Amino acid sequence: MNWTTTPFEPLAGLAGGLLIGSSVVLLLYTLGRIAGISGIAAGAMTQRGAERYWRLAFLVGIVLSAVLYMVFVGDLQIQTQMGSCWLIVAGLLVGFGTRLGCGCTSGHGVAGLSRLSPRSIVATVTFMAAAIATSTVIRHL
Amino acid sequence: MKSIIASLTCGLLFGFGLIVSGMSNPARVLNFLDLSANWDATLAFVMGGAILVAAPGMYWVRKRNKPLFADKFDIPSNKTIDAKLILGSAAFGIGWGISGFCPGPAVVAIASLQTDVLLFVGAMTVGMLAQHWLKSKAA
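Residue numbers (numbering that gives the first Met the number 0), protein chains in the order written: chain U, 0 to 140; chain X, 0 to 138.
Extracted from the complex, chain X is given alone in its bound form:
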């Protein structure tokens, strides 16, 4: 139960962060990605602000023996840079550049119940499940 409340709180914080900074609005995100006229550099300040907290914060947390409500830290240790990482990131970037939605803002936007948002989230879900299915088939 404690871990559920902690996780819910983290989700709230994350969502408020996206809303306060206007990152939940794809128009603003696209005005950052499109480098031409009417450039809106806000996104850089969001990432900068997040890293400003997360870099020292994560460093400090990882020096502890274990998390509060779990037995160990679960942090990716893979260091291999492979084709999947590059191709996957490139595909994500193209989708992001078309829509202005990455997964976090898309989840925030669900609350608006706009048809186009729900279509995007539905398609994103299908994309995720398709990759999961292909991976389990290959294994």
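Next comes chain U alone, as it looks inside the complex:
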């Protein structure tokens, strides 16, 4: 199997990271909430009223950013690397796992690590290790 190669772009990465960090700080400053996408996505489906609406607005903002990018900048590169069945299995694991573990790359990995939460440190080390092991095994066996 040929895997799509991508260039190492530290400056673009840093710039994107600064934007993501700003979003986390701004959400805490305005609404007092942690910008964890898995929690926001789940809450947008399971909560009611105002608790649902701010979460929906956040998700709409994310999708809108992609639409604006496609309209004003150019193509959005989304290059999936695995077949549909694998992606469905992965989606189930990501959805179930992030809720059971109360967070994902944003809530635990960015916001949690930033406030040195012990749970988030354990979660981040765990999902990083599991993800590295999984992709390395899949691609080389």
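These aren't lab readings, by the way, just hints derived from the structure by calculation.
Keep in mind the model is a prediction, meaning the values are calculated, not measured.
Note that CB positions come from ideal geometry on N, CA and C, so glycine has one too.
Among the hints, erroneous ones may be present.
[Claimed, not checked] Selected chain X positions facing chain U (in silico; Cβ < 10 Å): (1) I4; (2) S20; (3) P25; (4) A26; (5) V45.
With chain U held as given, fit chain X onto it using these hints.
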């Protein structure tokens, strides 16, 4: 209304961050997670950049009495490291390692309307609702 606009703005910022850094492309994420040839270390700079802003920013915000548009800060106070945290994070990591999608980039990718992306997001939604259902049944 103010809180909706604030939240929408945060979502836009977050999404642009993922797009600018190329994190919305699962190929790039997998090239970080797979440590072998053609390693792309960009993801480390994204997380580093985000924490560089969020760590001092959150520290500063939390010293305030309350948020602008809400009565109090809603920050997890749970400190218990239990099996759910480990098992959930491990399951998430396996799914992430297979697909290269975590929830944020998956939401960005919806805009591409690619069938495989929509299948992933649909499955992710089912996974989230299944956990919610099991939890409410157990309670």
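Structure-based check of all given hints:
Annotation: I4 of chain X was flagged as interfacial toward chain U, and the flag holds, the nearest CB pair being 8 Å apart, inside 10 Å. For S20 of chain X, the interface hint holds, the least distance from its beta-carbon to any beta-carbon of chain U being 3 Å, beneath 10 Å. The closest approach between the C-beta of P25 of chain X and any C-beta of chain U is roughly 6 Å, which is under the 10 Å cut-off, so the hint is satisfied. Contact between A26 of chain X and chain U, as hinted, is supported at the beta carbon level, the nearest pair being about 4 Å apart and thus within 10 Å.
The interface hint given for V45 of chain X holds, since its Cβ lies 4 Å from the closest Cβ of chain U, which is under the 10 Å cut-off.
Comparing the model with each earlier hint shows no violations; every hint is respected.
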